[in-house]
Structure formats: structure tokens, C-alpha cells
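K.L.:
Sequence:
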Amino acid sequence: LSLGSLISESQKTLYPERPPLAVNVRPFKEGSFDIQIILHPLSNIQNILDFISSPDGSEIKELLQYIGLIIPPVATAGAVGVSLIKLIKWLKGKPKNIEKIDTSGGLKYFDNNGNSILVDQKIHALYQNVSIQQNIYNGIAKPFENKNVKNIECFIKDDKNTMALIENDIVE
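Counted the way the working numbering counts, the sequence shown spans residues 7 to 178.
Hints are not guaranteed to be accurate.
For lysine to aspartate or glutamate, the following EDC-like pairs were computed, each having C-alpha atoms within a straight-line distance of at most 20 Å [claimed, not checked]:
no., residue 1, residue 2
1, K128, E23
2, K92, E173
3, K67, E15
4, K98, E151
5, K128, E68
6, K92, D117
7, K92, E15
8, K128, E105
9, K98, D126
10, K98, E173
11, K67, D126
12, K18, E65
13, K92, E105
14, K102, D117
15, K95, D117
16, K67, E159
17, K95, E151
18, K128, E65
19, K102, D126
20, K92, E151
21, K92, E159
22, K128, E15
The hints are simulated quantities; they were obtained by calculation from the structure and are not laboratory data.
When you get a sec, could you build the whole thing from the sequences and use the hints?
P.N.:
In C-alpha cells, the structure reads:
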């Protein structure tokens, strides 16, 4: 359920003017850690057809890339840059400092050792949302408390090129 809340809250944060998505998370089979996330508009069939052919449909994929649940194609990886999950893993805690970079519109995050990383404004908006951070913990970090969970694989069905591998080092 936390993954569904993570996606819904992220969509509201990055695209507040867009109609909300319904996010259903269900296991592929009972007792399975394999889950299926189904995203769809909240209203009727015509809205679904309009949604799929609209820019909003591609925004879902972009949203999942910003979160870090899927990886972007190599050609567009620079457009997304560091994902929210990668930022959290890199920081290993709270940032020591955040500086706005005027020329790029992005931000520079500093860790406690003085190292820095450039972050897109959208990733920054996701990071600043406490509800999103809590859902990252509940949906991604908390499963790693089970010693049998070594990694989490996320991808779009029938497109293994989008697979993001989240390893057991998101929270130390």
C-alpha cells in the first residue's frame, strides 16, 4: 500500500494541476512479494482513452523515473538525472546543505562529508514532501528489514530495459 501512496502523492506533488490517478497495488499471487501496480484515471472509459493518448500518459512513466522505480532510457537519462531513491541512498541521512544553482534551475545537495550532487527541481520537490519520504521508507526500505529480502526489482511489464534494481542499502 505504501508504494501506491508513494506514487499518488508524488503525482500530486509534481503535477498538481492534473487529475489524480487511482493506484491499485495487488500481489500477483497470494503470499507473494511480487506485486502489480495498476495506474489509471479515476473516471470513465473516455477519460482513460484520452489519458493514454495525452502527455499525461507519458508523465506516469516520467514520474516513476523521478521516484526511481524504473530507469529512463539511456538517451534521456540526463533529463531525469539522479532519482529520489538514489538521492536518499547517496545522502545517507539529511543533507548538510542545499544550494540553488541559478544557471540550471537545479539544486546542489551536500552530504555530511562535503560531497555534492546536482538534483533536479522535481526530485527536490519530492524529497521535501514528508509523506513521500515516509512512503519510501514503508514501501521500499522497510521490506529490507526482512533479512531474506536482498533487492527489489521494478520495471514496466514486457519492458525489462526499464528495470531499476534497488539494493539493500537504501537505509543504513
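K.L.:
What hint numbers does the structure not satisfy?
P.N.:
none
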